[in-house]
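Assemble the complex: chain A is given as a structure, and chains B, C and D must be docked to it using the hints.
Protein chains: 4
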Amino acid sequence: MSENYRDCVEACYICAAFCDNCAASCLEEEDIDMMRECIRLDMQCANLCRLTAQFIALGSDSVKELCKLCADICQKCGDECGKHEHDHCQECAKACHHCADACRKMAA
Amino acid sequence: MSENYRDCVEACYICAAFCDNCAASCLEEEDIDMMRECIRLDMQCANLCRLTAQFIALGSDSVKELCKLCADICQKCGDECGKHEHDHCQECAKACHHCADACRKMAA
Amino acid sequence: MSENYRDCVEACYICAAFCDNCAASCLEEEDIDMMRECIRLDMQCANLCRLTAQFIALGSDSVKELCKLCADICQKCGDECGKHEHDHCQECAKACHHCADACRKMAA
Amino acid sequence: MSENYRDCVEACYICAAFCDNCAASCLEEEDIDMMRECIRLDMQCANLCRLTAQFIALGSDSVKELCKLCADICQKCGDECGKHEHDHCQECAKACHHCADACRKMAA
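Protein chains in written order, with the numbering used here: chain A, 1 to 108; chain B, 1 to 108; chain C, 1 to 108; chain D, 1 to 108.
Chain A on its own, in the form it takes in the complex (with noise of 0.2 Å):
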């Protein structure tokens, strides 16, 4: 794999983590009730992560278009745990905008 391919591999696998681990801890939060929109795009973010990843590793043809999706999702799941002040959900917010950014480059 190349260095972009890495990158964006393991973008992709660490902002799947922070994203369960957001979604878990919004589940245990007293607040829950304003964390909805965050467990649910934490649950979607999650796994389109860790299937852009499998297929960037497998050298699948469709990378690209499955990276501007990608982007897509983790854009929208960092903008809504960026409104949150709980650690994990800025933590969250992080990995997703990161990670966002490497699949743009990967979708260009």
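Read the hints as simulated data drawn from the structure, not as lab findings. One or more hints might be untrue.
Intra- or inter-copy, both count: the list cannot distinguish identical chains.
To be verified - Straight-line alpha carbon distances no greater than 25 Å define the calculated DSS-like cross-link-like pairs of lysine-lysine that follow:
1) Lys83 <-> Lys94
2) Lys105 <-> Lys64
3) Lys68 <-> Lys105
None of the values given here were measured: they were computed from a predicted structure.
Chains B, C and D only, in chain A's frame:
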């Protein structure tokens, strides 16, 4: 879930099961040299179908884009499988083409 | 695939679809405070069911151990969902318990 | 997440990436006839590692059982990959054995 949604989830999971079975069966064929592309696409198609079914059932806002991509890969995988006479390839081709149609309906 | 195998793959995917739908629906319920454990288990159950179905269709040597674990989580998830009156919870409980039975048969 | 948890999540995702890459590379080797078992185990190992990483990050109660199973498959996959001289097999063997160790620590 609406009827269209249910049909597409079902088509995706049936397609995934036939692709997994086809990949594993191709790996045991004597003429494995000719089955490389079939195995490669089966692996991608099965995993993308599972994610697509998940996103539909989760009610994701990204369903249309994902179904468009899934339809493309199902079509390619079905076309490749259709070239081979093995029963598992022919059954898989049928499931892939059916899923491609269901995904195109969702993406429209 | 033998009939037992096919039945279990089907039960796993149906269970995954109901768990995804239940998780997304719980996230929109007014009484989300009571649905935390249901969402948490739905997420795990859906993803483990998908992997189990994949391993069965791939003909993995680890199918028995995986089905044993899948049966345990389906049972827990079905028991939790069964406590709630929402239609999506009741339907999900039924699918989980059916899948737990199918996985126990495979694990035996 | 504790340090043990983080280490295991990281080992699982690195293992998944090397297994995906190894499977795709094996499919392009001239001596594909000898790589059948390697491809078969790579596919299983990559997907189980991804699920295990997800369950750890979600804080699932089933982490120990899942890590035990993941360690078994990583060990098998690493042993098989280690038999082949291709760089992608040797790198993959190393990642699998490292992940097997990390999972055994979690399962203990």
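Hint-by-hint comparison with the structure:
1. When the C-alpha separation of lysine 83 and lysine 94 is checked against a cutoff of 25 Å, the pair qualifies only within one copy, where the shortest distance is 12 Å, while the shortest distance between copies is 37 Å.
2. Within a single copy, lysine 105 and lysine 64 get their C-alpha atoms as close as 9 Å, and across copies as close as 23 Å, so both meet the 25 Å cut-off.
3. In this assembly of identical chains, the alpha carbons of lysine 68 and lysine 105 lie at most 25 Å apart whether taken from the same copy (9 Å) or from different copies (22 Å).
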